[in-house]
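In the UniProt record's numbering, the protein residues as written are 1 to 74.
There may be inaccurate statements among the hints.
[What the hints assert, rightly or not] Listed below are the simulated DSS-like cross-link pairs for lysine-lysine, each with C-alpha atoms no more than 30 Å apart in a straight line: (1) Lys20 - Lys36; (2) Lys36 - Lys25; (3) Lys26 - Lys36.
Calculated directly from the structure, the hints in this document are not laboratory data. Since we're looking at a predicted model, the values are computed, not measured.
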Amino acid sequence: MWRATLPNRQSIREREEEIKRSVDKKNEEEPFEFTKTDILAMIIAAFQILLPIMLIGVGVFALFTYLFTTYFMK
1 MWRATLPNRQ
11 SIREREEEIK
21 RSVDKKNEEE
31 PFEFTKTDIL
41 AMIIAAFQIL
51 LPIMLIGVGV
61 FALFTYLFTT
71 YFMK
């Protein structure tokens, strides 16, 4: 079956150049700009990633402080 499709295949380099040309053409027609909604979505996504990590760190620090003051400061 691969023999039937082999002559129609483009090399990776040709395909990459074609994609670059199409992306450049689209950017010339309508340049990409971030809207306020995009920026807000990125901020929310950052909080979804960073907030649980920060809360775990605060919890571990609070637990360490509690154990240290309870057992070692007597």
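Holds or violated: Lys36 to Lys25, with C-alpha atoms at most 30 Å apart | holds, 25 Å
Is Lys26 within 30 Å of Lys36, Cα to Cα?
-> holds, 22 Å
Given the proposed pairing of Lys20 with Lys36, does the C-alpha separation stay at or below 30 Å?
-> With Cα atoms ~28 Å apart, Lys20 and Lys36 stay inside 30 Å; holds.
Of the numbered hints listed earlier, not one is contradicted by the structure.
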